[in-house]
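Protein chains: 2
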Amino acid sequence: MNIELNRDSRQPMYLQLQSALRGMILTGALPPGCKLPASREMARLLGLSRNTVDEAYGCLADGGLTDVRPGRGTYVRGDIRAERQRAEEAIDWEARINETVREYVRYRTGIGAVRQGGRDVISFTSLAPDHQLFAVDAFRRCMNDVLVNEGGVLLNYGYVRGYEPLRRYLIGYLEAKGIDCGGNELLIVNGFRQGLELTVRALCRPGDTVACESPTYNGALGMFSACGVRCAGVPMDAEGVDPEVLERVLRDERPALLYLIPTYHNPTGVNMTMGRRREVLALAQRYAVPVLEDGFSEELRYDGTAYPSLKALDGGGCVIYAGSFSKVLFPGLRVGWLLAPKALAYYLYHLKYNDDIHTGLLHQAGLWAFCERGYLERHLRYCRKIYRERMAAMDDALRRHLTGLAKWTAGSGGFSFWLKFPTGTDARALAERAPEYGVAYAPGDSFFPGGGGRNYVRLGFSRLEPAQIETGVTRLSRLFGTATHSPKEMT
Amino acid sequence: MNIELNRDSRQPMYLQLQSALRGMILTGALPPGCKLPASREMARLLGLSRNTVDEAYGCLADGGLTDVRPGRGTYVRGDIRAERQRAEEAIDWEARINETVREYVRYRTGIGAVRQGGRDVISFTSLAPDHQLFAVDAFRRCMNDVLVNEGGVLLNYGYVRGYEPLRRYLIGYLEAKGIDCGGNELLIVNGFRQGLELTVRALCRPGDTVACESPTYNGALGMFSACGVRCAGVPMDAEGVDPEVLERVLRDERPALLYLIPTYHNPTGVNMTMGRRREVLALAQRYAVPVLEDGFSEELRYDGTAYPSLKALDGGGCVIYAGSFSKVLFPGLRVGWLLAPKALAYYLYHLKYNDDIHTGLLHQAGLWAFCERGYLERHLRYCRKIYRERMAAMDDALRRHLTGLAKWTAGSGGFSFWLKFPTGTDARALAERAPEYGVAYAPGDSFFPGGGGRNYVRLGFSRLEPAQIETGVTRLSRLFGTATHSPKEMT
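Residue numbers (numbering that gives the first Met the number 0), protein chains in the order written: chain F, 0 to 490; chain G, 0 to 490.
There's no promise every hint is true.
Unchecked claim - Each computed EDC-like pair below joins lysine to aspartate or glutamate, with the alpha-carbon atoms no more than 20 Å apart:
#, chain 1, residue 1, chain 2, residue 2
1, F, K341, G, D91
2, F, K341, F, E163
3, G, K341, F, E469
4, F, K341, G, D7
5, G, K34, G, D66
6, G, K384, F, D7
7, F, K419, F, D394
8, G, K341, F, E93
9, G, K406, G, D395
10, F, K419, F, D395
11, F, K34, F, D78
12, F, K419, F, E238
13, G, K341, F, E102
14, F, K384, G, D78
15, G, K341, F, D91
16, G, K34, G, D91
17, F, K34, F, D66
18, G, K406, G, E238
19, F, K341, G, E98
20, G, K341, G, E102
21, F, K384, F, E252
22, F, K341, G, E238
23, F, K341, F, D66
24, F, K419, F, D236
I should point out that these hints are in silico values taken from the structure, not numbers from a laboratory.
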């Protein structure tokens, strides 16, 4: 019996022995029915104490791999596979999953799923920034410096609210955008999603209603599903969410929260007009409904006017502002923030502690150093220029290849175009075939709270260079050209 | 009127103007009732377009700072403070908080709170590692190298499961500890707490029961409260959780989850014996109750035998293993992991995505490089030696100063001692006075699911050097000496 034990390892000998024997049993080197050497004999063979061998044999029996027949010895069990299967089935996990969670996973693996396609596919599915544009070297120096200056402290537990210098920087950054942070508290969170999660958990009970634009960010729809809250979608026009329907929803459905993406809305790209911002905010105040403003793409402005955020217009009352640099700087760091009225922030703070104590500290410190040294500004100027070119390339390619097949509005910011195909086009079904055409996109139906919208498509362009955009749109035109000219595809 | 505007700023002019005027109104430089210059006049004064001024005036009015009297002009409102107050009270946040969340925050700010004390206080409250021992420089080089090698990718979005090289490293690390990872999935999470949260959310419904040791980690009690689950505590003896009571609880209360800390239990320090581990696991299997094993302190072994984790003894069936390096390496990074049977891991994966997409990537990569280069092993050898000395200093000081006042068991690992004072001692009340004596500790009652335990105290020593330990324990003996000799303190 060829068993190698390492006396210098910190793993106890009996565990090493157990592990070696287990391997031999599972691979069949010790076949079913085979008798293991008596523990005294085994101990002699390996130069171990008998206790050690007994301990190892005990573990094997506990693990269901052997039978101990009193007075006769230890035998490899007859049907190890069945035995292991049985052990793995000791618990029927499926049956134990919380129904809300099961419902959410069904959503996410169904309509929430987006087919990405393989290596040669040109993918318009992503809204991630292009990391080829990242100022990695500048960031590396920032990380190095913060580790030199206060590494020990940054590697130990920190404050729930976040890294203080980053918090101060962000407050200044928000004030410069016209937001009055007085009466509010800023909390660093793990990107936008955790901010959304904390807000929904604090303000909603299962069964409550959340109002939102329709369509809206499909990840938010997943979050609402995971939290067991209903979703009342409010349609949009070119200026933003429809105020008449919004008022009806606020009045009749008394939502616990109104979730809005006023600037470069996902997926439509609409930048809510100033008048509409005022109107929407006045409605939220009148019906005393908290607003969660998703400012994820505010920095992605290439042309046109910057409107103030709802939070900047709010008298201090009802807007919770969720921000993130994840579309311009380093989403891999998972750093975002919430600015919330103090009375609410008190609860968000405790929920954040409960979730994970605080957001990773070193990431926050590195990001702070990067911003503080002016690299954020520099990077924004640089990448806005690139993304503006890509957006123009997109618009140009769409005009040349999809005119007549689809309608869209050229935006002035953000990372995506929102295309409407003729009613009857099934962009969801076509997305399944898209990789055959060498292209992938996000089918629009996943963005609608109430279902529908199968004739819509979201095209993200942030990670594609103009030549890829041209090729990708050509492929799309072939895919949709076939579809819209073939009556079988129409329903 | 002294208004400075910066024409090079990316902040639009009307927002700069609004912000300047708002500041003057809030500080009283523009007092209540004061009339603002007509917009035409203001535009001329500042060299702005009239539209810009109108836009700024509109924002001030929206923010409730000014009144626009048609035909007469714009006036600073009469009672700005009251107005702001009203705006801030547009929403009664307290009334809107989810009851479960409110209940949890009440718990956490009540019994869950631990008084830390000020700067000159010697604090035994913490279970954090001592960052003076951290190999910061080695870690800094690791971070630098991973940023040089694949910075762009690490700074963009990553995989939900975690950074692949770290996952592979951890699987090897767990296999070396006798855990068979086959049939399981490893998921990187933001420290132990997020692992606990995902598990509770996947397996429990509000109102369900979770069984756990009594006493147990108070942060877990907070989590159960935040998730709206009941807690059935099972008492412990010197070998671990009591198997007879455990069986009764598993049989009669059908808990959705059994949460256990078998190794260097928090707060008691008990290392569950081998026989007890087998017994407990057999019970969980018999009653088909999922076990969440908290392995947070497994590496904190200074003497004695290492027992296998429950997960290593489990036939594959019912144990979810939650691990973390936060007690030995860099808790500020917030990196932990869950090893769970695949059928469950599928749901945990989707919940993790929902929470925050993935754990910060760069932290994972830095940690991987640190471990891969053998620094973890080296650091463990070094800090085990230091912590062993501190534990011995603690035991020594307790013997000399607290014999007769309290009882405790010298442990062989972990970061704390668990002291029992005579019934009637109110360690919670004394904790409030402890800072006057220059000392702080965690009152034991916060660790008991069912209340009680006011005569227990947890003393963490990880961040204290032997001289501080000596002084701190002297102070404790004075505090408790006074208390136990003064009949008024007894109840």
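Okay, the hints, checked on the actual structure:
1. F/K341 to G/D91: Judged against 20 Å, a Cα distance of about 12 Å means the pair holds.
2. F/K341 to F/E163: Holds, at about 17 Å.
3. G/K341 to F/E469: 42 Å, violated
4. F/K341 to G/D7: 33 Å, violated
5. G/K34 to G/D66: Distance ~10 Å between G/K34 and G/D66 Cα, so the pair holds.
6. G/K384 to F/D7: 18 Å, holds
7. F/K419 to F/D394: 14 Å, holds
8. G/K341 to F/E93: Cα-Cα ~11 Å, so holds.
9. G/K406 to G/D395: 13 Å, holds
10. F/K419 to F/D395: With Cα atoms ~17 Å apart, F/K419 and F/D395 stay inside 20 Å; holds.
11. F/K34 to F/D78: 14 Å, holds
12. F/K419 to F/E238: 17 Å, holds
13. G/K341 to F/E102: Between G/K341 and F/E102 the Cα gap is close to 18 Å, so the pair holds against 20 Å.
14. F/K384 to G/D78: Measuring from Cα to Cα gives roughly 46 Å; hence the hint is violated.
15. G/K341 to F/D91: 12 Å, holds
16. G/K34 to G/D91: 33 Å, violated
17. F/K34 to F/D66: With a Cα-Cα distance of about 10 Å, the restraint between F/K34 and F/D66 holds, given a limit of 20 Å.
18. G/K406 to G/E238: Cα-Cα ~17 Å, so holds.
19. F/K341 to G/E98: Status holds; Cα separation ~18 Å.
20. G/K341 to G/E102: Measuring from Cα to Cα gives roughly 34 Å; hence the hint is violated.
21. F/K384 to F/E252: 43 Å, violated
22. F/K341 to G/E238: 47 Å, violated
23. F/K341 to F/D66: Violated. F/K341 to F/D66 sits at ~63 Å, over the 20 Å cutoff.
24. F/K419 to F/D236: 13 Å, holds
In summary, the numbered hints that this structure violates are 3, 4, 14, 16, 20, 21, 22 and 23.
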